[in-house]
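> Model the full assembly from the supplied sequences, consistent with the hints where possible.
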Amino acid sequence: MKKVLALLLAFVMVFALAACGANTADNGETTTAAAPANTPENAVIRLSTTTSVNDSGLLPYLLPTFEAKTGYKVEVQSAGTGAAIQKAKDGNADVILVHAKASEESFIEEGYGVERLPFMYNFFVIVGPKDDPAGVKDSENAAAAFAKIRDSKSKFVSRGDESGTHKAELKIWGDNAPDAEKDSWYISAGQGMGACLTMASEQQAYCLTDKATFLSMKDQLNLDIVLAEGDDMKNTYSLIAVNPEKIDGLNTEGAKAFIDWMLSDEASALIAKYGEEEYGVALFYLLEK
Amino acid sequence: MDSFRQAFDLLFSLDRELLQILGVTMRMSFFSTAISCLIGLPLGALIGTKSFKGKSFLKKLIHTLMGLPPVVAGLFVYTLFTHYGPFGELNLLFTVKIMVIAQVILITPIVTGLSSSFIESTSKPIIETARGLGLNNLKIVGLCLSEGRTSLVSIVLTAFGRSIAEVGAVSIVGGNIQWKTRVMTTAIMLETNKGKFSFALALGIVLLLIAFVVNALASFMVKEAKND
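One line per chain: the protein sequences are A and B, in this order.
So the first sequence is numbered by my numbering: it starts at 645 and just counts up by one.
So the second sequence is numbered by my numbering: it starts at 283 and just counts up by one.
Do not rely on the hints blindly, as some may be mistaken.
Stated by the list, open to error - The following label-pair restraints were derived from C-beta to C-beta distances:
#1 Thr-361/B <-> Leu-931/A: 39 to 45 Å
#2 Asp-892/A <-> Val-435/B: 49 to 55 Å
#3 Phe-294/B <-> Thr-683/A: 53 to 59 Å
#4 Glu-910/A <-> Phe-312/B: 58 to 64 Å
No lab work stands behind these hints: they were computed from the structure.
Only a predicted model underlies this, so the values are computations on that prediction, with no experimental measurement involved.
The beta-carbon is built from N, C-alpha and C at its ideal position, and this holds for glycine as well.
What follows is the structure, given as structure tokens:
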């Protein structure tokens, strides 16, 4: 008798659960008009990206629209560009969004990436003490500003972590890159953008940063933008789908859907507007297609 | 497997930067262990042997602090020594000294807590017996130390191990600055962020090997002392 009762109870529970499930599915379809006819089979897209894209708030701003429209769920892993690319090489990401041209090109040459799709950019800025002791203001470009910092031996905080920003900084130094061991004014911090900006503020040092991260932290920093424009300060972001011929177990369809949407007019319009409300300036600009 | 080979290559290549990082690591761990033990061992002995008002509260406090998250200790020290903080004028932020300060805050409660429980459980009977035999206080302290040296060494090694393995606090207050405040753990964190996972693991293996050597030396010394 007890066994029969237990079986009955189990049946009731299964039906109840099934009914609940059906209910929520119904609600989902009725509430979001744009919901897709059928949720994709493999609904999770693993996106490996850099801290600057994620910390600036761009992805949390864009992704809900994409997810509501397609039924995909994007899992964002954010790390420095070096780690972001390595994770993709290890088979832990379907698509990457990074900003280091040379590393991106070798990623594709080694067969890991399908195609490099540059789609948006912004500018690196040089921030420093409010009284600008090295007189960097009005420099022609970042290279000229760095030369002044070097000549005056003013403190400079470098990411030193092989991130996209660090690589851009090294490119600006060119052959004049300081030696962190001998040049005590050159501080190689080996940390993320936020930690480096905090350190620059503490030490009243100069620092090369992406504009978005600086603006988001401006209130807690004792630093100003001392140089905002220069021909060598452009920072281009690209999307690359991971190559299914090289790595197995990828969600290639999902990666394609994500890239297609990111390059669509809808996403472009959203990206172009991002930042205006909060900071009064757009944080990212679109590359002409 | 690649990491193991890399770890040995690293050790035998005697890379200048690696040696410098190891030097900072050992200096930081040695001083923070020494200072924590200088404060923690006598304090632990005091709590373990004497009874006084508020003792149980003090013990609870110490046991809570034993579980203090390193990031919190790091933030606390950072707030004290930041440019506009109460001790900002000392200019200690992003130096090895401040890393030692943060570590001492983390480790002293551990040394105090462990030594007080150890002394309470093992030394009390010794003291009572010794009093019964009519030995003077100096002799009693000597007896306790010599009877409990294995445990004492293990307390010191626990402190050292905690100090050498810590990353959260030292990266906040030290800043992981190359050629200055970078230690093994923050170097491992940096290589991980760079995406050089196998190299990071190799550094981890080097760190473990060094910890093993320190432990082996300590147990050798204890053995020698026992044979005397």
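> Next step is simple, just say for each hint if it's right about the structure.
To see whether the hints hold, each was checked on the structure:
1. Look at Thr-361/B against Leu-931/A: about 43 Å separates their beta carbons, and that is inside 39 to 45 Å.
2. Between Asp-892/A and Val-435/B the C-beta distance comes to about 52 Å, which sits within the given range of 49 to 55 Å.
3. A hinted range of 53 to 59 Å holds for the C-beta pair Phe-294/B and Thr-683/A, which are about 55 Å apart.
4. One distance hint, 58 to 64 Å for the beta-carbon pair Glu-910/A and Phe-312/B, holds here, with the actual separation near 60 Å.
Violated hints: none; the structure is consistent with every hint.
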